[in-house]
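Enquirer: For reference, the chains in residue letters:
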Amino acid sequence: MSTSVTVGQLAEYLGAELAGDPAGELFRAASLEAASEGEVSFLARRKYLPYLAATRATAVIVGRDLGKLEEIPRSTAVLWVDDAHAALAETLTLLYPEGHRKGEIAATAVLGPDVQLGDGVSIGHHAVVGSGAKLGDRVCVGANSVIGERCELGTDTEIRDLVCLYPDTVVGARCIIHSGAQIGVDGFGYVFEKDRHRKIPQVGRCVIEDEVEIGANTCIDRGSVGETRIGAGTKIDNLVHIAHNVSIGRGCIIVAQVGIAGSTTVGDGVAMAGQVGIIGHLNVGDGARVAAQSGVSHDIPAGETWFGYPARERSQVMRASAALLKLPDLIRRVGRIEKRLNTEDQA
Amino acid sequence: MSTSVTVGQLAEYLGAELAGDPAGELFRAASLEAASEGEVSFLARRKYLPYLAATRATAVIVGRDLGKLEEIPRSTAVLWVDDAHAALAETLTLLYPEGHRKGEIAATAVLGPDVQLGDGVSIGHHAVVGSGAKLGDRVCVGANSVIGERCELGTDTEIRDLVCLYPDTVVGARCIIHSGAQIGVDGFGYVFEKDRHRKIPQVGRCVIEDEVEIGANTCIDRGSVGETRIGAGTKIDNLVHIAHNVSIGRGCIIVAQVGIAGSTTVGDGVAMAGQVGIIGHLNVGDGARVAAQSGVSHDIPAGETWFGYPARERSQVMRASAALLKLPDLIRRVGRIEKRLNTEDQA
Amino acid sequence: MSTSVTVGQLAEYLGAELAGDPAGELFRAASLEAASEGEVSFLARRKYLPYLAATRATAVIVGRDLGKLEEIPRSTAVLWVDDAHAALAETLTLLYPEGHRKGEIAATAVLGPDVQLGDGVSIGHHAVVGSGAKLGDRVCVGANSVIGERCELGTDTEIRDLVCLYPDTVVGARCIIHSGAQIGVDGFGYVFEKDRHRKIPQVGRCVIEDEVEIGANTCIDRGSVGETRIGAGTKIDNLVHIAHNVSIGRGCIIVAQVGIAGSTTVGDGVAMAGQVGIIGHLNVGDGARVAAQSGVSHDIPAGETWFGYPARERSQVMRASAALLKLPDLIRRVGRIEKRLNTEDQA
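Protein chains in written order, with my numbering: chain E, 1 to 347; chain Z, 1 to 347; chain A, 1 to 347.
Do not rely on the hints blindly, as some may be mistaken.
Copies of the same chain look alike in the list, so a pair counts if it fits in one copy or across any two.
[Said to hold, decoys possible] DSS-like mimics (lysine-lysine), calculated; alpha carbons at most 25 Å apart, straight line:
#1 Lys199 / Lys102
#2 Lys199 / Lys47
#3 Lys47 / Lys68
#4 Lys339 / Lys47
#5 Lys339 / Lys326
#6 Lys102 / Lys134
#7 Lys134 / Lys326
#8 Lys134 / Lys47
#9 Lys68 / Lys326
#10 Lys194 / Lys102
Note that these hints are calculated values from the structure, not bench results.
Please work from the sequences and hints to get the whole structure.
Expert: The structure is reproduced here in structure tokens:
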């Protein structure tokens, strides 16, 4: 499922400065150390420079910010670009055109009554689409997935295999939901009555806006009453938990195993690293950043970087850490003072 | 899948004190800010008071503990109750009767030999029920779920879509198991032999007692030998890990992404907040509470509240935190003493 | 699905020293407190000694390191062994021969074109095997699982129910992949362009070497370019996240809910306890050990034990903790010094 391109064509496509033979043909991408003839590789971090000297790639995409490099093998063409990651994304899109969408409805798929299908919809084997669901043009539903009753999926959205959308879930256009994700799940809501936890029926819904990607085995609850909402362009990694009535803004990055408790509001452009936990009913401001494994129990103002457990603003954590580093020395200093005062007493 | 009720009928049903028009008709519930005519909303926290003034809900359920409120729009009826959350639970149960159970066995479901089905059992499309399984009256198994051989499910238990019960798992009555949950999985048990980890066969079973709810993508291992057991009325959130031979008591609350290692025993009425980790072979006493992200490596006595990493009893953590806060000041004080003693030397 | 053996036969099979009646017949294993006639139990930790006196097991396997025991009921035979866990593994393998493999292809399974099946392959109901996939001899694929196009599975590998292997995933021989695991998933890779996160196509693959076990609902990403690789004999627990281009060595133990970020390299024989997080582009040396919930943001040299958040080498953490414990006392000491100096002033 890959196509080919010459080195010269790729340089032109990327607007790259080419040093080397433009005639070499490229079929695939590979890492510097694994690449061989016919493959393009890339270098974006100085850390991986040692692999460059030995590479057998036909061409390498290199960021201009890395400066002059001496280690490039003569047989390898170099494509100098401003942003190696962006150029890689473009190169891969060129070399590996998407192959999922076939516009076929598998014979073993089951569609309930009143399902509306757009043009070119694909539905995999043993998928189940509940009654009243609406699938936009070119939507793709993977094998063994379950689309609940009355769900709505926007154009070009791709649901991978073994995904479950609970009833009434709304997914926008151009989204990707990876295998094992569970969307629109009942939230965790109980009221304690006498001697037992009574379930509060979870009757809200879950809305995923356009161009959201959701990782494998991630769980997003529906609103208890009202909505859980993931803003347009937000990207969510694997094994993330997002509780009921959470609202996440546009263009956020939420890394694997993050957990966000109920009714918390996250602004636009927020980045949370892996395993972060955020308690419920908080506000995380636009553009905030939270470092890995932080435990957040207070509102985060817009634009701030927080970390730690409990998490605080970066400069506060830095000051506290600096003080802690001085502690062993401080213990010695106090000991010296006591000794001296003691000596004076005896003098 | 909702029904309707008048404001007056709802007030009577809840035993609420009504201020406003009893004739308004209620079809659905919605949050204060999203509600419109025909919808009932609720207010349980002062934090959300600002939304009350602008609500267009036909009626609002309000907790008496919030005291007199001035912000209520004239067109909105107020139902004063003692416990707004409990009243909400009752209201939602009234407005949204459950619609899952249909008593149908899908034509595409596969049932092994010797399966016993009670009255009114529902089995979804492409579900697989292994040989010798017993499903009680009105049990509901979702689409694409797999019920292992010889599993037993009590009356009125609901297994959602894409759930897997490993063979010999026992689930009580009135349980709900959400999509993607894996129950009765092989535990993580190996013995190191020469140069490799040899698997210890996991031959025990997993027992879920009555009225347990298990969240999406949660994993509960079977006993290695003996049982893993979840006590009656315990509620477990999404993405929780419970290892082999863990025993959890009755009426516990275990929030998302908690992990409990093997052979740990948890008492009755314990509450663990999100992302807590508990190491193996510990005892957590009845009624203990563990705050979010805590890392527990010691037994917790009954009734205590623990937190931190490593987790300790609350008052200990408080004392340690208070001491830490004094550290920057302490560094300055020691500096002043040294300076003074130094000055005296020179005097 | 169990067989039987006499106490004498078991003693001979284990090379155990037998004290008691060799004629008793054993059908199953059980824990000390649950065991009854016909069952064998075991004792490996002093902690569980109190259960020994009351056991009704027909035989108990006991580690020689526990020394002389007085509490053994007369009716119970004792099998003394050097390593109780190893003996248990052998006993369970004897009593519970594996029953999964049947060599049947379910009529409801769907196989794409050009699928290659070895001898004795089993495929469960509603499983989907993509075109060009190769399944070695005696491979077992569970119900409702999805094997992507061009995947390769080695001999005797067992894929449980509801597993998804993304296209081009390679799994070695004698592996076990538990239900809900998602292998070869797109990694979390974006490049920020103007006002949006553009997806970097993830075109690498995921390679699982021989004798790897992967827990339920664990997610392993494919390489972005190049590979993600799990070394032979490594065992991975439930709900673990392994990002793109991670390389894990041979014989590692990775406990539940661990997360390893992209491009990190883990050596051979590494052990990570539950909920550990490791950031990207790091090196974890051979034989390193990381304690539960640690947050690792630096390379770990071979053989070291690290813990904490942020994680550091054990002796460093110990020293820091010792200093911290002295802090409340230090505050008092400084107060006394200040008081004394103050008194001197007034004198």
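Enquirer: It remains to establish, for every hint, whether it holds in the given structure.
Expert: Consistency of the hints with the structure:
In this assembly of identical chains, Lys199 and Lys102 lie within 25 Å of each other by CA distance solely across copies; the values are 21 Å between and 43 Å within a copy. When the C-alpha separation of Lys199 and Lys47 is checked against a cutoff of 25 Å, the pair qualifies only between copies, where the shortest distance is 23 Å, while the shortest distance within a copy is 53 Å. Within a single copy, Lys47 and Lys68 get their C-alpha atoms as close as 15 Å, which meets the 25 Å cut-off; across copies the closest is 58 Å, which misses it. Taking the shortest alpha-carbon separations for Lys339 and Lys47, neither the intra-copy value of 51 Å nor the inter-copy value of 47 Å comes in at or below 25 Å.
With identical chains, the CA atoms of Lys339 and Lys326 are at most 25 Å apart both within one copy (20 Å) and between copies (17 Å). Both within a single protomer and between protomers do Lys102 and Lys134 lie at most 25 Å apart by alpha-carbon distance, with minima of 18 Å and 23 Å respectively. Taking the shortest Cα distances, Lys134 and Lys326 never come within 25 Å of each other, neither inside one copy (63 Å) nor across copies (61 Å). Taking the shortest alpha-carbon separations for Lys134 and Lys47, neither the intra-copy value of 49 Å nor the inter-copy value of 37 Å comes in at or below 25 Å.
Neither within a single protomer nor between protomers do Lys68 and Lys326 lie at most 25 Å apart by alpha-carbon distance, with minima of 42 Å and 51 Å respectively. Proximity of Lys194 to Lys102 under the C-alpha cut-off of 25 Å is found in neither arrangement, the shortest distances being 56 Å within a copy and 32 Å between copies.
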